[in-house]
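Please put together the full structure from these sequences, using the hints given.
Chains as they are written, first to last, in the working numbering: chain A, 1 to 401; chain B, 1 to 401.
Please note: incorrect hints may appear among the correct ones.
Unchecked claim - Beta-carbon label-pair distances, calculated as ranges:
id	chain 1	residue 1	chain 2	residue 2	range
1	B	401	A	78	23 to 33 Å
2	A	181	B	73	25 to 35 Å
3	B	143	A	78	50 to 60 Å
To be verified - Examples of chain B residues toward chain A, derived with CB under 8 Å:
id	residue
4	343
5	352
6	355
Quick caveat, the hints were computed from the structure, so don't treat them as lab data.
For every residue, glycine included, the Cβ atom is placed at its ideal position computed from N, Cα and C.
Number of protein chains: 2
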Amino acid sequence: MAELLDVQHRDPGSRARTAVLRLAHGEVRTPAFVPLATKGVVKGIEPHEVAALGYDMVLGNTFHLFLTPGHELVAEQGGLHEFMRWSGPIITDSGGFQVFSMGHGTVADEIKGRAPTGADRAGAILSIEEEGVRFRSYIDGGERFMAPETSMEVQAALGSDVALAFDECTPFHVDRDYTERSTERTHRWLERCLAWQDAHGRADQVFYAISQGGVHEDLRRGSTRVVAGSRAHGVAIGGSLGAEKAQMYEVVGWATDELERVAPGKPRHLLGIGEIDDLVRGVELGIDTFDCAMPTRLGRHGMAIVPDPERRWRVDLTKGRWKHAREPIMDDCPCPACAGGYSRAYLHYLFGARELTALRLVTLHNLSYVARLMADLRAAVAAGTLAEAAAAVRAGASPRA
Amino acid sequence: MAELLDVQHRDPGSRARTAVLRLAHGEVRTPAFVPLATKGVVKGIEPHEVAALGYDMVLGNTFHLFLTPGHELVAEQGGLHEFMRWSGPIITDSGGFQVFSMGHGTVADEIKGRAPTGADRAGAILSIEEEGVRFRSYIDGGERFMAPETSMEVQAALGSDVALAFDECTPFHVDRDYTERSTERTHRWLERCLAWQDAHGRADQVFYAISQGGVHEDLRRGSTRVVAGSRAHGVAIGGSLGAEKAQMYEVVGWATDELERVAPGKPRHLLGIGEIDDLVRGVELGIDTFDCAMPTRLGRHGMAIVPDPERRWRVDLTKGRWKHAREPIMDDCPCPACAGGYSRAYLHYLFGARELTALRLVTLHNLSYVARLMADLRAAVAAGTLAEAAAAVRAGASPRA
Numbered sequence: 001m002a003e004l005l006d007v008q009h010r011d012p013g014s015r016a017r018t019a020v021l022r023l024a025h026g027e028v029r030t031p032a033f034v035p036l037a038t039k040g041v042v043k044g045i046e047p048h049e050v051a052a053l054g055y056d057m058v059l060g061n062t063f064h065l066f067l068t069p070g071h072e073l074v075a076e077q078g079g080l081h082e083f084m085r086w087s088g089p090i091i092t093d094s095g096g097f098q099v100f101s102m103g104h105g106t107v108a109d110e111i112k113g114r115a116p117t118g119a120d121r122a123g124a125i126l127s128i129e130e131e132g133v134r135f136r137s138y139i140d141g142g143e144r145f146m147a148p149e150t151s152m153e154v155q156a157a158l159g160s161d162v163a164l165a166f167d168e169c170t171p172f173h174v175d176r177d178y179t180e181r182s183t184e185r186t187h188r189w190l191e192r193c194l195a196w197q198d199a200h201g202r203a204d205q206v207f208y209a210i211s212q213g214g215v216h217e218d219l220r221r222g223s224t225r226v227v228a229g230s231r232a233h234g235v236a237i238g239g240s241l242g243a244e245k246a247q248m249y250e251v252v253g254w255a256t257d258e259l260e261r262v263a264p265g266k267p268r269h270l271l272g273i274g275e276i277d278d279l280v281r282g283v284e285l286g287i288d289t290f291d292c293a294m295p296t297r298l299g300r301h302g303m304a305i306v307p308d309p310e311r312r313w314r315v316d317l318t319k320g321r322w323k324h325a326r327e328p329i330m331d332d333c334p335c336p337a338c339a340g341g342y343s344r345a346y347l348h349y350l351f352g353a354r355e356l357t358a359l360r361l362v363t364l365h366n367l368s369y370v371a372r373l374m375a376d377l378r379a380a381v382a383a384g385t386l387a388e389a390a391a392a393v394r395a396g397a398s399p400r401a
Numbered sequence: 001m002a003e004l005l006d007v008q009h010r011d012p013g014s015r016a017r018t019a020v021l022r023l024a025h026g027e028v029r030t031p032a033f034v035p036l037a038t039k040g041v042v043k044g045i046e047p048h049e050v051a052a053l054g055y056d057m058v059l060g061n062t063f064h065l066f067l068t069p070g071h072e073l074v075a076e077q078g079g080l081h082e083f084m085r086w087s088g089p090i091i092t093d094s095g096g097f098q099v100f101s102m103g104h105g106t107v108a109d110e111i112k113g114r115a116p117t118g119a120d121r122a123g124a125i126l127s128i129e130e131e132g133v134r135f136r137s138y139i140d141g142g143e144r145f146m147a148p149e150t151s152m153e154v155q156a157a158l159g160s161d162v163a164l165a166f167d168e169c170t171p172f173h174v175d176r177d178y179t180e181r182s183t184e185r186t187h188r189w190l191e192r193c194l195a196w197q198d199a200h201g202r203a204d205q206v207f208y209a210i211s212q213g214g215v216h217e218d219l220r221r222g223s224t225r226v227v228a229g230s231r232a233h234g235v236a237i238g239g240s241l242g243a244e245k246a247q248m249y250e251v252v253g254w255a256t257d258e259l260e261r262v263a264p265g266k267p268r269h270l271l272g273i274g275e276i277d278d279l280v281r282g283v284e285l286g287i288d289t290f291d292c293a294m295p296t297r298l299g300r301h302g303m304a305i306v307p308d309p310e311r312r313w314r315v316d317l318t319k320g321r322w323k324h325a326r327e328p329i330m331d332d333c334p335c336p337a338c339a340g341g342y343s344r345a346y347l348h349y350l351f352g353a354r355e356l357t358a359l360r361l362v363t364l365h366n367l368s369y370v371a372r373l374m375a376d377l378r379a380a381v382a383a384g385t386l387a388e389a390a391a392a393v394r395a396g397a398s399p400r401a
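So this is what it looks like as C-alpha cells:
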C-alpha cells in the first residue's frame, strides 16, 4: 500500500512541509485549505467550481448530515460523493464540535471562527455521559443520541475518505480541571472509535484522532502524544486553542512539536482555523490541512478577502463607501468575480438588494484567494523560500498563483 | 440603417415567423424568450451563464432600478450593460406595471404569472393623475413620482437597447369604462413618451409602444391600431389578457391580427407570458419576444419544468415523494443541473436545507428548458414544420435542441 502522506519537501527554517496526501478518491496537495461543504454542498458553489478554483478536498459534517437527510439516505444514494457530486476526497468532521456547541457558548469559537450557527444553537444538549451525548435535533425537535460508535457509523455510511474521532471540543472558558477530565474522556472515546474501526472500518476510509487539552501545555502535549501514538492514521488538532492568535500559535506549536517526535509521518489537520495569517503560521508550524468556515461565511456576509493585513485581510462590501466604486474586489485577480468585471459598486448594490448572486460571487472570490495563497505557500516550501513568501503575505502581498 | 426586424421565415399555417432583431448590443434570434434581470441580475445566475444557455437578451426593470440603486448611479457606472456585465441586448420594462401593481390586486397577475412581489406590494400608490403616478418607495418609504417622461429618462440613463412606453397596466377586475379611460390615458402617455424620445432619445435605443384595451375586442384592437400606427419602433402587448388561457390567446390574437395589418414589420413583444403552452401559442400567434418571471421564479421555489402537460409542465421538487429519487430532473437534459448528475433526491434535500445551490440549479434547468424550446420552435418555423412541433410539445415531447 502506498504511503498515506508522501512528504515531498521540507522547509529548513520551520516545520513546514509539502506532501501528497493519498486518499481513496484522489490526492490532496498539501499544505491545503479544505472548504466547508457542511451540509453536503459548498454554499452557493458547485463541486466543479470548487475543483476549478484549485481545491482537492472538501469537508462534510457528520452532525448536520446525521440530522438531515440522514446517513442512511446518503448511503442509499450511493454515498456522500455521489449524492453531492464531488468526486474528490472528502473529510468528515465527527460531529463532536457541533454537538458540544449546543451546550457551550465560547470565546474559543470566536477566535477560531467556528461560532455555532443559529441552527446549531437552536438544538440543546440533554445530557453528556460517558456513553455519549443526548441532544435535541434542531431539525425536528426529536431526541437524538450520539456516541463515538454512532459518529463512526455515520461517517462510514457517508463514505468520506477521512473520518475524524468523536471528541468533546472543550471550550475556552472552562477550567483546567474540566479540560483535563474532558480530554481524558476524549481519549477513552478515541479507543472506542478505534475499536469500531477495527471491527467495521472501511478499507477506503482513513481515520484521524483529535488532540485536545485546551491551552494547558502539559495537557495539550500529553493529549497529542496519546492520540499520535494511537493506531489512528492521522491527527487533527481541535478544541480550545486560546483567546488570541499568539496563544493559538503557541498551542498549535506544542501539538506539532509533539507530532514531529511521536508521529512525524502522519498527516496533521488543524480544525476550524483559516484566516490568512493563521494559514501562513499554521503552514510554518507544520500543519498539512486546514478547514474553516471563514472564506465562505465571510463571503455570504459581503466581506471579501483582500491583501490588507491591517484590516484582517477583509473589506466589507456592504459599507456605503463602495456605492460608487467602479474597481473590482481586487485588481489582477483571476477569480470569477474579479475577472468577470463585477465592480464593488455592483456587489454593494446586490448585497443591499439581497440578491443571491452577490453571496455567490464574493464566496468564489474568497475561495479563489485562499486556494491561490495555499498554492503560493506550497511553491515556496518547495523552492526553499517560505520565509520570504510568509513575510510578503504578512506585509500585504497578493497571492501570485 | 439596417432593418430593426429582419424576418427570415414565415409559417404558412399561422402568424409565426422567425427573424433577427438587430439592436445596439447585438442580435436577438426570434421568437425568443427573454429572462428577467429585474433588479439588474438574473437571480442567482451570472450573465455568461445566461448567454451559454442560449439567450440573446434579458429584461431589466425601470421601476426597481429607479428606486435602487437609481438610474443616475447606473449611468455613472457606465450604464446597465456595464454595471451588470451583460454585453448583449437589454429590454427595459417601463415601470408602469410595477407602479400600478401597488394599487391593483389582480386576477390578471395570476393568469399572466406577473403577480406583484412582496416588495411591490409593500409600496403604495398615493395618487394617479394625468400627469403621472405618485407612490411610496418600498425601499425607503419616501415619496416618488413617475410620469411618462420619468420612465423615458430612466430608461435612457439605464441605456437599454429597447425602452417600453409608460402605460397603465389595467387589471382584469376593473370594468369596461375604467379600461377604456385608462387605455385612452395610456395613448396620451404614449404621445408624451414619443415627444420625449423625439427630443432626447438615444440613437442606440429603440422604443416600443404598449397595446392595452383589456379583454374587450374593440378596445384591444383599437389600442393596438393606435400604438402600432405611432412612430414607435415596436409594439408590446400588455395589460389584462383575461381570466383564463383561452381568453388570453383570443386577446393576443386580436392584437397580432391588427399588427399584421397595420405594422407587419414591427417587432412584437408579449409582456409577462411564459408558460410552456403559452409560448407555443404565442409563437403561432406571431409574437417575436416574450418575458416572464415564470421559469426563474418557479426555479427558486423548487418547481422544475418537465415535459408533463398534465401538470402544467411542472414538478415540485420540494415534495416528499422525491426524497429517495435518484433520477435527475429530466433524462437526457443537457442543462447544468441534469448533466451535472444532481438527483431529485439531492435537490429535494437542498431545498429542505434552504441551500442556495438548490435555487440556482433548478433555475438553470428551467432557463435551459425554455431556451431549448424556443430554439426548437425557431427551427420548426424555418423548416415549415411548426404545426408538428407545436403538437409534439403539447403532447409532452422534450425539447430537442
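Against the structure, the hints:
no., hint, result
1, B/401 - A/78: 23 to 33 Å, "31 Å, holds"
2, A/181 - B/73: 25 to 35 Å, "60 Å, violated"
3, B/143 - A/78: 50 to 60 Å, "58 Å, holds"
4, 343, "7 Å, holds"
5, 352, "7 Å, holds"
6, 355, "5 Å, holds"
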